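**Q** Generate the whole structure from the sequences, applying the supplied hints.
2 protein chains.
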Amino acid sequence: MRLVVQKYGGTSVGDAERIQKVAERLIETQREGARVVAVVSAMAGVTDNLVKLAHAVSPSPSARELDLLLATGEHASSALTAMAVNALGGKAISLTGAEAGILTDDTHLKARIANISPRQIHELLSDDYIVVVAGFQGQSAEGETTTLGRGGSDLTAIALAGALNADACQIFTDVDGVFTCDPRLVTDAQKLDEIAYDELLEMAGAGSKVMQSRAVEFAKKFGIEFEVRSSLKSVSGTVAKEETPSMEDVVVRGVSLERRQAKLTVSGVRDQPGIAAAIFSTVAASHIVVDMIVQSAPTDGVTDISFTIHQDELEDARKILMPIVSQIGASHLRTASGMAKLSVVGIGMRSHSGVAARLFECLGRSGINIQLISTSEIKIALVIDENDAERAAQLTHVEFGLASLAPAASATRPLG
Amino acid sequence: MRLVVQKYGGTSVGDAERIQKVAERLIETQREGARVVAVVSAMAGVTDNLVKLAHAVSPSPSARELDLLLATGEHASSALTAMAVNALGGKAISLTGAEAGILTDDTHLKARIANISPRQIHELLSDDYIVVVAGFQGQSAEGETTTLGRGGSDLTAIALAGALNADACQIFTDVDGVFTCDPRLVTDAQKLDEIAYDELLEMAGAGSKVMQSRAVEFAKKFGIEFEVRSSLKSVSGTVAKEETPSMEDVVVRGVSLERRQAKLTVSGVRDQPGIAAAIFSTVAASHIVVDMIVQSAPTDGVTDISFTIHQDELEDARKILMPIVSQIGASHLRTASGMAKLSVVGIGMRSHSGVAARLFECLGRSGINIQLISTSEIKIALVIDENDAERAAQLTHVEFGLASLAPAASATRPLG
Chain W
73 MRLVVQKYGG TSVGDAERIQ KVAERLIETQ REGARVVAVV SAMAGVTDNL VKLAHAVSPS
133 PSARELDLLL ATGEHASSAL TAMAVNALGG KAISLTGAEA GILTDDTHLK ARIANISPRQ
193 IHELLSDDYI VVVAGFQGQS AEGETTTLGR GGSDLTAIAL AGALNADACQ IFTDVDGVFT
253 CDPRLVTDAQ KLDEIAYDEL LEMAGAGSKV MQSRAVEFAK KFGIEFEVRS SLKSVSGTVA
313 KEETPSMEDV VVRGVSLERR QAKLTVSGVR DQPGIAAAIF STVAASHIVV DMIVQSAPTD
373 GVTDISFTIH QDELEDARKI LMPIVSQIGA SHLRTASGMA KLSVVGIGMR SHSGVAARLF
433 ECLGRSGINI QLISTSEIKI ALVIDENDAE RAAQLTHVEF GLASLAPAAS ATRPLG
Chain H
73 MRLVVQKYGG TSVGDAERIQ KVAERLIETQ REGARVVAVV SAMAGVTDNL VKLAHAVSPS
133 PSARELDLLL ATGEHASSAL TAMAVNALGG KAISLTGAEA GILTDDTHLK ARIANISPRQ
193 IHELLSDDYI VVVAGFQGQS AEGETTTLGR GGSDLTAIAL AGALNADACQ IFTDVDGVFT
253 CDPRLVTDAQ KLDEIAYDEL LEMAGAGSKV MQSRAVEFAK KFGIEFEVRS SLKSVSGTVA
313 KEETPSMEDV VVRGVSLERR QAKLTVSGVR DQPGIAAAIF STVAASHIVV DMIVQSAPTD
373 GVTDISFTIH QDELEDARKI LMPIVSQIGA SHLRTASGMA KLSVVGIGMR SHSGVAARLF
433 ECLGRSGINI QLISTSEIKI ALVIDENDAE RAAQLTHVEF GLASLAPAAS ATRPLG
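Residue numbers (this note's numbering), protein chains in the order written: chain W, 73 to 488; chain H, 73 to 488.
No lab work stands behind these hints: they were computed from the structure.
Just so it is clear, the structure is predicted and the values come from calculations on it, not from any experiment.
Take the hints with a grain of salt, since some may be wrong.
Where chains are identical, the list cannot tell them apart; a pair therefore holds if satisfied intra-copy or between any two copies.
[As the list claims (entries may be wrong)] Calculated lysine-lysine pairs in the BS3-like style (CA-CA distance at most 30 Å, straight line):
#1 K93 x K124
#2 K313 x K182
#3 K182 x K124
#4 K293 x K313
#5 K293 x K124
#6 K163 x K182
#7 K163 x K124
#8 K124 x K305
#9 K391 x K163
#10 K163 x K93
#11 K305 x K391
#12 K163 x K305
#13 K93 x K391
#14 K124 x K313
#15 K313 x K391
**A** See the structure below:
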């Protein structure tokens, strides 16, 4: 018999009515002839409230206690989901992460899954139970409750699918799947039928927050296929999987855009070991997240180091960098906000040469100035003016033929 | 070193600020030279909300899932309390009921404590931790989370105090202790320094809801002394303990009043086996709680059966009893609402004769009519008109010298 793991996020179990909808789908999936394991997040808003309470009683809550506190959100939603299934005539049981056999290391708040012992789940499935597992959590070898960090429920679902050798792992969300570009930017953006793990990872890093990177990395490591699909519609979504040779036929899988970026350039930096470290350890110590880092080739032993951050953090970054700039003997610090990062992702780039050139030419023709460039094997990322961002995404989408990947109702609409 | 168990109810941990107050007290108790175990209830309102959610997804939630759901309330408050202690420079750790070693039978929603293995608590106390235990819950032998029913956190505290052989068990509430009478009724009501378990049990059954009977029964069974005291003030409360010979010197320990009662009398009942059962099984099947039951001595093989219920349930009771009355061949059913039950409790009654007579005489002198009488070894309960209730309580309080038990600021104020 088929074994299906379904994951439902916080919005999908956000209130009693939605929990009942999830319960209906679980029963329906079982009736279609599958053994069903559900993984649920905490009800939308619950985790945030618990975090708020924790910070109201303590400026820096102990990680162990915070884990115990946060885990209650998923305990509650899993019990409620099981109740709802039972109320509809189904047969369900809820399990905590520990009961589901999810063993982690002892890193509270960001534990890594060490092992999964799915014996109990298998037994319950054999007894025709729909097994509802509290996502986002596990238990350390010492029996302590741990949580897996942001996106942890996705990770729970993918790891369980792997351990149970499931036939399908479905991640239900409020989007229909992964798109060639954000449909709000490009009206004829297409839903992808499939995507390689690496492409999804690069797109996640590029602002397409369908899935957290950790869950995708886990899936990649263990070769666990999963489908991102809508919890509101009964249509198939996007399957993330290992790349196949045919995937390389598509040069670019998707285009993504991250707005509200700021660019910082430290100029006249001596080309010596330790200089970059001095800059970035200072920035990291202030918990400012650095995205792209680009260093130009040195001229006369002097170079420029540029990097991007979210523009809301620009003022803080300037303040902490000003003293460093003089310390390391750099000439000056230039900053600019109102930037955007355009990323073009596709494993097809590996075998198709000239993708970068084609991209630069396409944007250049339209007078869009490129301020920074950073490339990986399957991604080209550019920093451009935010005012050009939407047009750049649309042009790129057309240039690489993404709209024509698959027929869609919206494909006939003009760009806009 | 002294070992103290302190229990805090839902109001005491009702918000972040109150949790911090509890944390302060725990640290203070430890600094005074004690090992401290705290037992906490769910934050006020949380359990009710969870029950509401459960009923929104299911008309009759599975008991197992409901237990898992409800237990999260105490998980959260115990973790928050531990965080608050740590934030104030203390050293605390929270434990679930299972982690605290509380083993129960497998009766979900109303589990009985089977055994307590306090090994882990002892270890943590030796390491100078303040141990915060989630009240109201345990674990069955099969590893399932169970809850102990209403008042379960009191039971957790008392059972832990017993298992840990604690030097003190303090139940913190929003009242100062157990009083000779409700101070809202009798202005010179006195806080009792001590009370026998049996007296507290009778007073709990008589409407003085300081503690749930189950917790008191448990304390009595295992001889565990506990103190009911205020979480708002630093004054000693009332110690519940096994009776001592000197306790019998006080004839009446307390007077309590339950308002809004209704009296039902089935008249002309044949004095045959099974007749009372027919009446009360019918009432019980409708989940109507019957309090006093009085049957008069039969005359010519015919008797009256009277009983009391809450007056809000009178209409329902009438409807279901009317057919029974004719079935059992009784002559008629008389009902009256607007009644009150006055209870006079004291183990001294055992050795002091004439208490009932003295009570009846006192009320009779003031023209208060007694409609039903029921007595136990240490309690006399009377049904009277609700209009007479307050006056009757005051008169009884004076008659048995309760106001003069101990000096108090309010003792000089006049009655009424």
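**Q** All the hints need checking, so say for each whether the structure fits it.
**A** Hints, one by one, checked against the model:
Proximity of K93 to K124 under the C-alpha cut-off of 30 Å is found in both arrangements, the shortest distances being 29 Å within a copy and 18 Å between copies. For a Cα distance limit of 30 Å, the shortest separation of K313 from K182 inside one copy, 25 Å, qualifies, whereas the shortest one across copies, 48 Å, does not. With identical chains, the CA atoms of K182 and K124 are at most 30 Å apart within one copy only, with a shortest distance of 18 Å there and 32 Å across copies. Proximity of K293 to K313 under the C-alpha cut-off of 30 Å is restricted to the intra-copy arrangement: shortest distance 11 Å within a copy versus 63 Å between copies.
Taking the closest pair of Cα atoms, K293 and K124 never come within 30 Å of each other, the shortest separation being 35 Å inside a single copy and 42 Å across copies. For the identical chains of this complex, K163 and K182 are inter-copy neighbours only, at 23 Å across copies versus 33 Å inside a copy, given an alpha-carbon limit of 30 Å. Taking the shortest alpha-carbon separations for K163 and K124, only the inter-copy value of 22 Å comes in at or below 30 Å, while the best intra-copy value is 35 Å. In this assembly of identical chains, K124 and K305 lie within 30 Å of each other by CA distance solely across copies; the values are 28 Å between and 33 Å within a copy.
Taking the shortest alpha-carbon separations for K391 and K163, neither the intra-copy value of 59 Å nor the inter-copy value of 37 Å comes in at or below 30 Å. Taking the closest pair of Cα atoms, K163 and K93 come within 30 Å of each other only inside a single copy of the chain (16 Å); across copies the shortest separation is 44 Å, beyond that limit. With identical chains, the CA atoms of K305 and K391 are never at most 30 Å apart, being 49 Å at best within one copy and 49 Å at best between copies. Proximity of K163 to K305 under the C-alpha cut-off of 30 Å is restricted to the intra-copy arrangement: shortest distance 24 Å within a copy versus 50 Å between copies.
In the homo-oligomer, the alpha carbons of K93 and K391 never lie at most 30 Å apart, since the shortest distance is 50 Å inside one protomer and 39 Å across protomers. For the homomeric pair K124 and K313, neither the shortest alpha-carbon distance inside one copy (37 Å) nor that between copies (42 Å) is at most 30 Å. Neither within a single protomer nor between protomers do K313 and K391 lie at most 30 Å apart by alpha-carbon distance, with minima of 44 Å and 66 Å respectively.
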